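Residue-level listing of the chains:
Number of protein chains: 2
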Amino acid sequence: MRTVFHDELAQITEDLVGMARLVSSAVTQATTALLDADIQTAEQVIDADEAIDLKRNDLDAHAIDLLARQAPVATDLRTIVTSMRMSADLERMGDLARHVAKLARLRHPEPAVPTELREIVTDMSLVCERIVAKVADCLVSQSMELVDEIQLVDDELDELHRRLYAHFADGQWTHGTEAAVDMALLARYYERFGDHAVSISQRVRFLVTGQEVHTDLAD
Amino acid sequence: MRTVFHDELAQITEDLVGMARLVSSAVTQATTALLDADIQTAEQVIDADEAIDLKRNDLDAHAIDLLARQAPVATDLRTIVTSMRMSADLERMGDLARHVAKLARLRHPEPAVPTELREIVTDMSLVCERIVAKVADCLVSQSMELVDEIQLVDDELDELHRRLYAHFADGQWTHGTEAAVDMALLARYYERFGDHAVSISQRVRFLVTGQEVHTDLAD
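These protein sequence lines are chains A and B, in that order. The opening position of the first sequence corresponds to residue 1 in full-length UniProt numbering, with each subsequent residue numbered one higher. The opening position of the second sequence corresponds to residue 1 in full-length UniProt numbering, with each subsequent residue numbered one higher.
The hints are simulated quantities; they were obtained by calculation from the structure and are not laboratory data. Remember, predicted model here, so these are calculated numbers, not experimental data. Where is the CB? At the ideal position from N, CA and C, for every residue including glycine. Keep in mind that the hints are not guaranteed to be accurate.
[Said to hold, decoys possible] Below, a sample of chain A positions facing chain B; criterion: calculated Cβ distance under 10 Å:
{"id": "1", "residue": "F5"}
{"id": "2", "residue": "D60"}
{"id": "3", "residue": "H62"}
{"id": "4", "residue": "A68"}
{"id": "5", "residue": "R130"}
{"id": "6", "residue": "A133"}
{"id": "7", "residue": "A136"}
{"id": "8", "residue": "V140"}
{"id": "9", "residue": "F168"}
{"id": "10", "residue": "E178"}
{"id": "11", "residue": "D182"}
{"id": "12", "residue": "A184"}
{"id": "13", "residue": "Q202"}
{"id": "14", "residue": "R205"}
{"id": "15", "residue": "V208"}
{"id": "16", "residue": "E212"}
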């Protein structure tokens, strides 16, 4: 019985890793769509988000079913409840990738990103890819070093966010108000993507050490 | 035993209502701080957010404790799991109110909101107050009419959001890029506040009808 139960817990972790992979692909493709003004890819990312939402629903249904059937306590209970929080974080990361794709679609056929910001936007996306890969590893290994690394990668994202915002200083910006608002929201999407990655990693820390999670995840 | 259990469930609902009240006060005060460039009130809202976070932690700890002690199934299990999701929504609404207060603090002693946007911003805040009051009622009454009303109130918020964004159209905006970015993010905070309110109301609907929740809550 216990073994079956722990197989089912392992399945939930595997499903979280699967969600992380979909989310990684979504943010990468959404950024490509945005930078290349590629409407087909944008539409694909927008449609594919439903698969991430469904995966979350399945995972949560499985978790609730486990609670009902096994009535776990202590660590096992904490693990299942925490898994549902992680699936919520991953689903939101998928939503954020979709927001990037929606911006590509909204501005199509115009390129949404001014030339001098293409490099920062590319970097933000690459950092997002890197952070979600580390999240997937961290879910499996529960490594505290990875938790720390994820925090450092998120710091890079915050730094890129600051650098992008510096372009909005009075007298600097020459692309009009709408484009500024677009870029501010875009930078925020990537930044929140990173925050959810940190949130997941801190939930891993909580499972391993019992240390409480303190992240700021206001949308 | 069952009665004690249902008393504890009622206590969780009461705690959710308590969180909704704190969140309501936070968004109202944050907007006052913003419109009056009132740094003391801004600081109060920022500090008070910790109380909301703690209330959420207490509520979730209570919920997990109930799961461990009572091993509920079916409706009771769903109610407890859903309560934890609602507490997450309410905590994020508190974070969003704090973001409004932080904008007041960031721009102090300058007023953050250009004169011609004061009315829209005031209206957005009033609608947020109204929607969270309905959420509190809905948590207690589980009224499906209230669920529908909350959706309509959220539509008002989306309409205000669109009206505010219309000010960013090319050639319209005269307050500089930074102020435009500030106002875009501010509008987004109120809009997301409303989305979380809708999310809670749809979770109530789910508890009553078993109908799945479909909301888009990307931060």
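Query raised in the report: Once the shortest beta carbon distance from R205(A) to chain B is found, is it less than 10 Å?
Result: 16 Å, violated
Requested in this report: Could you check if F5(A) really has its C-beta closer than 10 Å to a C-beta on chain B?
Outcome: 14 Å, violated
Query raised in the report: Under the criterion of a CB-CB separation shorter than 10 Å, is D60(A) in contact with chain B as hinted?
Result: Constraint on D60(A) satisfied, holds at 8 Å.
Report task. With a cut-off of 10 Å on the beta carbons, see whether A133(A) makes it to chain B. Result -> This hint is violated: A133(A) lies away from chain B, its Cβ roughly 20 Å from the closest one there, beyond 10 Å.
Report task. Return the status of the interface hint for H62(A): holds when the least beta-carbon distance to chain B is below 10 Å, violated otherwise. Result -> Interface hint status for H62(A): violated (13 Å vs cutoff 10 Å).
Query raised in the report: Quick one, is the V140(A) hint okay against chain B at 10 Å, beta carbons?
Result: At about 24 Å, which exceeds the 10 Å cut-off, the nearest Cβ of chain B leaves the hint on V140(A) violated.
Requested in this report: Grab the minimum C-beta distance from D182(A) to chain B and call the hint holds if it beats 10 Å, violated otherwise.
Outcome: 9 Å, holds
Query raised in the report: Does A136(A) pass the interface hint, meaning its C-beta sits closer than 10 Å to a C-beta of chain B?
Result: 20 Å, violated
Report task. Under 10 Å, Cβ to Cβ, is where E212(A) needs to be relative to chain B, so tell me if that hint holds or is violated. Result -> 7 Å, holds
Report task. May I ask you to test the interface hint for R130(A) with respect to chain B, counting a Cβ-Cβ separation under 10 Å as satisfied? Result -> 20 Å, violated
Query raised in the report: Against chain B, is E178(A) within 10 Å by beta-carbon distance?
Result: 5 Å, holds
Report task. Hold the hint about V208(A) up to the distance rule: shortest CB distance to chain B must be less than 10 Å. Result -> 17 Å, violated
Hint compliance for this structure: hints 1, 3, 5, 6, 7, 8, 13, 14, 15 are broken, all remaining hints hold.
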